[in-house]
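Student: Each chain is listed here by its residues.
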Amino acid sequence: MNYPYIYPGKEIEDKIPTINIDTFTGIDGGPYPASSEGPIHLWTDTVTWVQGRHTLKAGVAVEYSGEDDFDQINVNAIPGGTNNQNGQFAFRNSSSARSGLGIADMALGLFTDYAEIGERARTNWRALATDIFVQDSWRPNDKLTIEGGFRYALWPPWYSTTNNIANFDPRFYSTTNQAVIDPKTGRLVSGPRYNGIVLPGDGFIGEGNDLKVASDPAVQALFRGEPRGFSQTHYDLFEPRVGASYALNSDTVLRASGGVFHNRVTLNDSTLLGGNPPFQPMVVVSNGSVDSPGGTSFANDLPFGMQGQDPVFKLPASYMWSVGVQRQLPWKVVLDVTYVGRRGVYLQRERNINQLQPGTLQANPA
Amino acid sequence: MNMNWAWTISSNLINEASYSYSIDQVFINVFTESGLYKRSRTG
Numbered sequence: 001m002n003y004p005y006i007y008p009g010k011e012i013e014d015k016i017p018t019i020n021i022d023t024f025t026g027i028d029g030g031p032y033p034a035s036s037e038g039p040i041h042l043w044t045d046t047v048t049w050v051q052g053r054h055t056l057k058a059g060v061a062v063e064y065s066g067e068d069d070f071d072q073i074n075v076n077a078i079p080g081g082t083n084n085q086n087g088q089f090a091f092r093n094s095s096s097a098r099s100g101l102g103i104a105d106m107a108l109g110l111f112t113d114y115a116e117i118g119e120r121a122r123t124n125w126r127a128l129a130t131d132i133f134v135q136d137s138w139r140p141n142d143k144l145t146i147e148g149g150f151r152y153a154l155w156p157p158w159y160s161t162t163n164n165i166a167n168f169d170p171r172f173y174s175t176t177n178q179a180v181i182d183p184k185t186g187r188l189v190s191g192p193r194y195n196g197i198v199l200p201g202d203g204f205i206g207e208g209n210d211l212k213v214a215s216d217p218a219v220q221a222l223f224r225g226e227p228r229g230f231s232q233t234h235y236d237l238f239e240p241r242v243g244a245s246y247a248l249n250s251d252t253v254l255r256a257s258g259g260v261f262h263n264r265v266t267l268n269d270s271t272l273l274g275g276n277p278p279f280q281p282m283v284v285v286s287n288g289s290v291d292s293p294g295g296t297s298f299a300n301d302l303p304f305g306m307q308g309q310d311p312v313f314k315l316p317a318s319y320m321w322s323v324g325v326q327r328q329l330p331w332k333v334v335l336d337v338t339y340v341g342r343r344g345v346y347l348q349r350e351r352n353i354n355q356l357q358p359g360t361l362q363a364n365p366a
Numbered sequence: 001m002n003m004n005w006a007w008t009i010s011s012n013l014i015n016e017a018s019y020s021y022s023i024d025q026v027f028i029n030v031f032t033e034s035g036l037y038k039r040s041r042t043g
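Residue numbers (my numbering), protein chains in the order written: chain H, 1 to 366; chain X, 1 to 43.
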């Protein structure tokens, strides 16, 4: 197998592509080799004060951490996207432009879709997270214990130290200057490819200025003063917790508790926006020839595939509550009956924002 | 690396401080021993 890459210069030039053929098991060349490395600094301080029937605690935890990332972003939400630098072919039975049979198209060297990504980008991610808390454990008498606490978290989103990350944000997509794609070839006829792409802050920082694309005026124009992590910093992560236990008698205890918790979304494949164009372009070609997947245009007229991040990006939260009773039984057996409730909201997900909404009707179906 | 400092200020008051530093390193290569990863051979 020997076909020209759309973006020459691979980490392993001679690695197999990923190949998917309808009704057959696929061959996955995978996203590797890949690497990442990063520091984790954690400072904590806690004060404990015992006063009468109270045990009070207060503390702070500060974490400065990150990852110098040389991995490949997740492309699950990008139709036809690949995480294999060496390309991904799809041969579909449904391709009306071909024989109608994926395996036959493969023998003919005619693919339904081909995707490839360019030279991998290195992104140095960092973030500072701060948590503070106070709590009290109070025993007003020998039968009752009441515990209450309050935690506050300040978790600004991860950012790149050199601002070499990119987001697709529909707020910056100009409909008056939108890209026009030839439906037969899947190639751009007109319109700028960077429409809707935004970079963080006001410009590249430090080594970011050494990037190939840093001197491109079209790339420089993508800085719009957006937050360095693209998403909002949320200042409302309040986490009250309360619990109580009461000894009905020497064998029976009643317990109840409730609280609010948040989950800090750490770096993960869905949020590694350093792998987006213009830093690492990805293109998808339709109905082409394996002999030359990119055709003769060197991919300059192919639309990008990329992923975006919600500029609001609420952090996952859970509300938990429980009520229970514990009873000491003979033979050192304890019966524990507890109702535990938990509701989770704002959980992270990926979705294709180009997917048609339920109930969408086709115009002029005839 | 980890450092902890527990300070007993009085019989009912304690301060505990800590600092830790760690490095996360990940490297994942392709399996090269068999040579099956080469498109010039297997493709």
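Simulated from the structure, these hints should not be mistaken for lab results.
Yeah, the Cβ is synthetic: ideal placement off N, Cα and C, and Gly gets one too.
Be careful, since some hints might not be right.
What the hints assert, rightly or not - Straight line, CA to CA, 16 angstroms or less: simulated EDC-like cross-link-like pairs of lysine to aspartate or glutamate: (1) X:K38 to H:D131; (2) X:K38 to H:D28; (3) H:K57 to H:E11; (4) H:K332 to H:E239; (5) H:K57 to H:D136; (6) H:K57 to H:D68; (7) X:K38 to H:E13; (8) H:K314 to H:E239; (9) H:K143 to H:D251; (10) H:K57 to X:E33; (11) X:K38 to H:E11.
What the hints assert, rightly or not - Far from chain X, by Cβ distances over 12 angstroms, these chain H residues were calculated: (12) S36; (13) G38; (14) G52; (15) A61; (16) D68; (17) P156; (18) G186; (19) R241; (20) L335; (21) V337.
Student: Check the structure against each numbered hint from earlier and tell me which ones fail, lowest number first.
Tutor: When the structure is compared with the hints, numbers 1, 3, 4, 6, 10, 12, 13, 14, 15 and 16 turn out to be violated.
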